[in-house]
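A.B. asks: Sequence:
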Amino acid sequence: MTRIPSAVTRRQFLRNSGAALAAAGIAGGSALCARERTLAVNAAADLPIIDTHQHLWDLERLQLPWLQGAPEVLKRSYVTKDYLEATKGLNVVKTVYMEVNVADEQKSKEADHVIALCERDDDPMAAAVIGGLPHTQEFADYAKKYAKHKSIRGVRNVLHDADRPAEMCLQLTFVDNMKLLGDLGLSFDLCMRPGEISDGALLAAQCPGTRFIIDHCGNMPVVSNDDALRAKWQAGMQAAAQLDNVVCKISGIVVTAPKDDWTAETLAGNVNFCLDLFGEDRVFFGGDWPVCLLSASYAQWVAALKEIVKDRSPEFQKKLFHDNAARLYRV
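So the sequence shown is numbered by the working numbering: it starts at 1 and just counts up by one.
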């Protein structure tokens, strides 16, 4: 079991994790010859990555009310140059911006800002998922306005916030607006409490023409003694996986691990449950940076996920890190 270090340089970490990955592949009971194993390890290290969950926020431009109660590491601006530094050497070829839960009155300002970033030639951002308020009557006009922009792929509203009650997503206005998103060719990200994933499945069943994306493996903590909660999460995920219009984003999960006291194995149970449940064509990677910094660097999260999937086929790994995102987000 390879422990993820908390205080090494990026170069040292990548060198060490690459060596550990190679050792694991050669030591395994695979029928591949040593040369083929080495090629597989090298291919995993060089995998192109499309990050489908790229957060950025400029606190001189936007207000994020939730940051008031957040850990200090998040209470600063994180802009493109910071992201490029965090992902250096990891072969991140494209990104999809994920809304950052700005103040309600700034949803349009955020959307306009990221549309401008997507249009830049020197920015890896190829598309965006913007924030919105689908429980309101005004949402329809908002969605229609931004669906016209070639870089907009979907909408998210963070459903686990304290002011968003259980079953909010099953209210009539919300459901009607989800159907509208499908008509407009836009998706919706389900970022919700793990015990309420079944509500997301019920919503998706009512809107077969809309694609729903479960964020962060359904937000189930990787270390939890709450068996009842885990059972609800599993049942909700199983119900969602039965629907062709639901996919699962392998992201955010490292944030639920104890800082400086986790390994790839700590994350593996939840990750593999989702990978096996949704299958190789309905899962894809998300960085969740800079939120991941609560427990890990970007490089540590990528290395851990590569360790978890190292025994899966090269085709599976390429779909997870690149191909599925390219297809589903049209980037």
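Honestly, the hints are just simulated from the structure, not real lab data. Do not take every clue at face value.
List of simulated lysine-lysine pairs, DSS-like, C-alpha gap at most 27 angstroms [as the list claims (entries may be wrong)]:
#: 1; residue 1: Lys75; residue 2: Lys310
#: 2; residue 1: Lys232; residue 2: Lys259
#: 3; residue 1: Lys75; residue 2: Lys109
#: 4; residue 1: Lys94; residue 2: Lys109
#: 5; residue 1: Lys179; residue 2: Lys259
#: 6; residue 1: Lys150; residue 2: Lys310
#: 7; residue 1: Lys144; residue 2: Lys88
#: 8; residue 1: Lys232; residue 2: Lys88
#: 9; residue 1: Lys88; residue 2: Lys318
#: 10; residue 1: Lys94; residue 2: Lys75
#: 11; residue 1: Lys88; residue 2: Lys75
#: 12; residue 1: Lys109; residue 2: Lys144
#: 13; residue 1: Lys179; residue 2: Lys81
#: 14; residue 1: Lys88; residue 2: Lys148
#: 15; residue 1: Lys179; residue 2: Lys148
#: 16; residue 1: Lys150; residue 2: Lys259
#: 17; residue 1: Lys88; residue 2: Lys145
Note that this is a predicted model, so its numbers are computed, not measured.
A.B. asks: Next step is simple, just say for each hint if it's right about the structure.
C.D. replies: Structure-based check of all given hints:
1. Lys75 / Lys310: 35 angstroms, violated
2. Lys232 / Lys259: Holds: lysine 232 and lysine 259 sit about 26 angstroms apart, inside 27 angstroms.
3. Lys75 / Lys109: Distance of about 20 angstroms is within 27 angstroms: holds.
4. Lys94 / Lys109: 23 angstroms, holds
5. Lys179 / Lys259: The hint is violated at about 40 angstroms.
6. Lys150 / Lys310: 36 angstroms, violated
7. Lys144 / Lys88: Violated: lysine 144 and lysine 88 sit about 36 angstroms apart, past 27 angstroms.
8. Lys232 / Lys88: 38 angstroms, violated
9. Lys88 / Lys318: Satisfied, since the Cα-Cα distance of roughly 19 angstroms is no more than 27 angstroms.
10. Lys94 / Lys75: Holds, at roughly 26 angstroms.
11. Lys88 / Lys75: 23 angstroms, holds
12. Lys109 / Lys144: 16 angstroms, holds
13. Lys179 / Lys81: The given pair, whose Cα atoms are some 37 angstroms apart, is violated under the 27 angstroms limit.
14. Lys88 / Lys148: 33 angstroms, violated
15. Lys179 / Lys148: 17 angstroms, holds
16. Lys150 / Lys259: Given that 27 angstroms is the threshold and the Cα spacing comes to 39 angstroms, the pair is violated.
17. Lys88 / Lys145: Judged against 27 angstroms, a Cα distance of about 35 angstroms means the pair is violated.
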